[in-house]
Amino acid sequence: MSKAKAPVRKDERKSSSCGCEEPLRALGPEELAAVRELAEIATEFDLAELSVDPCGGIRIVRRQAGGGVGTAATPAASPLPPPAPGPAVEKAEKPVESGVLLTSPFVGTFYRAPAPEAPPFVEAGQTVRKGQVMCIVEAMKLMNEIESEFDGKILEILVKNAEHVEYGQSLFRIEKA
Amino acid sequence: MFKKVLIANRGEIALRVIRACRDMGIRSVAVHSTADADALHVRFADEKVCIGPPPARQSYNNVPALISAAEVTGADAIHPGYGFLAENAEFAEVVQKCGFHWIGPQPELMRLMGDKVSARKAMEAAGVPVVPGTSIIETDRQAEEAVERIGLPVIIKATGGGGGRGMKIVEDKSRLFTQLASARAEAQAGFNNPAVYLERYIGRPRHIEVQVLGDGSTAIAMGERECSIQRRHQKLIEEAPSVAIDDARRVELLRTARKATAAIGYRTVGTLEFLLDEERHFYFIEMNTRIQVEHTVTEAVFGVDLVREQMRLAAGDPLRLHPDMRPRGHAIEVRINAEDPVNFAPSPGLITALNLPGGPGVRVDTHIYAHYRVPPYYDSLLAKLIVHGENRHVALARLRRALGEVVVEGIKTNVELHKRVIDHPDFIAGHFDTHFLERL
Chain A
10 MSKAKAPVRK
20 DERKSSSCGC
30 EEPLRALGPE
40 ELAAVRELAE
50 IATEFDLAEL
60 SVDPCGGIRI
70 VRRQAGGGVG
80 TAATPAASPL
90 PPPAPGPAVE
100 KAEKPVESGV
110 LLTSPFVGTF
120 YRAPAPEAPP
130 FVEAGQTVRK
140 GQVMCIVEAM
150 KLMNEIESEF
160 DGKILEILVK
170 NAEHVEYGQS
180 LFRIEKA
Chain B
-7 MFKKVLIANR
3 GEIALRVIRA
13 CRDMGIRSVA
23 VHSTADADAL
33 HVRFADEKVC
43 IGPPPARQSY
53 NNVPALISAA
63 EVTGADAIHP
73 GYGFLAENAE
83 FAEVVQKCGF
93 HWIGPQPELM
103 RLMGDKVSAR
113 KAMEAAGVPV
123 VPGTSIIETD
133 RQAEEAVERI
143 GLPVIIKATG
153 GGGGRGMKIV
163 EDKSRLFTQL
173 ASARAEAQAG
183 FNNPAVYLER
193 YIGRPRHIEV
203 QVLGDGSTAI
213 AMGERECSIQ
223 RRHQKLIEEA
233 PSVAIDDARR
243 VELLRTARKA
253 TAAIGYRTVG
263 TLEFLLDEER
273 HFYFIEMNTR
283 IQVEHTVTEA
293 VFGVDLVREQ
303 MRLAAGDPLR
313 LHPDMRPRGH
323 AIEVRINAED
333 PVNFAPSPGL
343 ITALNLPGGP
353 GVRVDTHIYA
363 HYRVPPYYDS
373 LLAKLIVHGE
383 NRHVALARLR
393 RALGEVVVEG
403 IKTNVELHKR
413 VIDHPDFIAG
423 HFDTHFLERL
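First to last, the sequence lines map onto chains A and B. Quick note: the first sequence, position 137, residue 146 per this note's numbering, numbers continuous. Quick note: the second sequence, position 253, residue 245 per this note's numbering, numbers continuous.
Listed below are the simulated DSS-like cross-link pairs for lysine-lysine, each with C-alpha atoms no more than 30 Å apart in a straight line:
id : chain 1 : residue 1 : chain 2 : residue 2
1  : B       : K(-5)     : A       : K150
2  : B       : K(-4)     : A       : K150
3  : A       : K169      : A       : K185
Because the hints were derived from the structure by calculation, they are not lab data.
Given these sequences and hints, build the entire structure.
This is the structure we're talking about:
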């Protein structure tokens, strides 16, 4: 194990984007309130990490919702394990997405239609009923129809046709009726 | 050679296979359960696929998910590691039927060796000594005759048995019939099958095993390993070579193992396990048709990458190692487990601080890191610490030094138990058998 990793990321953060080297001091009531508000935001949007630099940088780390297949892209030489899961999003002001996620129940290949020339089972914007077939996930040459678990409206289709999906990967974002 | 290998396993052995792949220029695919999303094997593989929720049945033992993961990633071979599906002949067959290479022996040999009775028969036929015993005992007369032939003490075992139930040690002939009756009753109650058989009871055996490699026609025996320090059949400390056998006995043991491996036409790597009795006779007990946890001590003394050889042999390459290779020095492996050193209760949780040893003659195979959370769903092995020296004395000194450098905070480990064992005069003198830990 390399030495570089044991000391935690506090030091990194101090010297990160702003380079302020103010000594540590107690927080005033206003700052405390601001921290409390940030903590609430972090909870509300299920963030793994949220740091606001007084010199202007905002950094959030979202909790991982399941990545894509075959994209670990780890540099072979990287000696350090991941400090936290999920991608870091610099200065992200992305609005938090509404709706609930329909996830893949197993590893396989995602198909939007029952056959290559057939129309897709569903389109974004369409309303669906509980039990309606949404897509196919092919695993071991078996075409498994994936049904909606509730009535609602499809906000977004998160996977492209014929892409590989893994267990737990989000397929559809649906607004529950 | 394979282009891309999917590793159907987790933990240190998944990492071990990924390392061999990287050394060989083969791409690797890690699979993982949702509990292992932050695991090191996932991080260090070229590709990764989440195959299911935490329970092994739904992830690492989930055959359709594993095959599907191999299909979507375009892997051409599957390495099973050890445990999980590594000795499951049906899985090996499915892998091959789906068009992937199986990095292991032929499924029919896995099946042959997976059954105790057929394995014993096959080994006897290949000239390997087995523990003297009987087939199913029907009558008291048969039992009496068997005892006269085998000699006391004998052990009564249930054919359907396991876990010690239905087993009786007979030391005194006058108690043979009553013990036979109670063993049958226990077997009936426990396994719904009253059939029992007799075997010579080896009171203080040592567990000695032989690493074998085969290419389907020829085979070699790459030395022995001493694995007598175990608790409830779980090995804790392994070493190579064994101090319990002299050169003449070693030559005989290795020749026997090599001939048997060649006789069954075995391909890839495997291990023949033997019991050594107090008169230094060895008896075959079982064959493990996979890479083993303790393969590292053999690697240390022979200077060979066994996982690389395993993959070469699985790809159909011929054996390339010299049959008369000699070990160099002495190697010892200790298994560092996440468990209470006193009551052996598992101890999963967050590792808050970690230091692993290093320096001359020290190797650590592990998947843990500082701030890693040991999940409660899988086995408790955290790390394998392997030391090598020019002789056992040097290896032991290095092991003592290396164990002193191990720091694992946040969870309990068995490091203190290892320290007690290796400082025990009997261990240092090499005087121990499989019951050593019970007496400690």
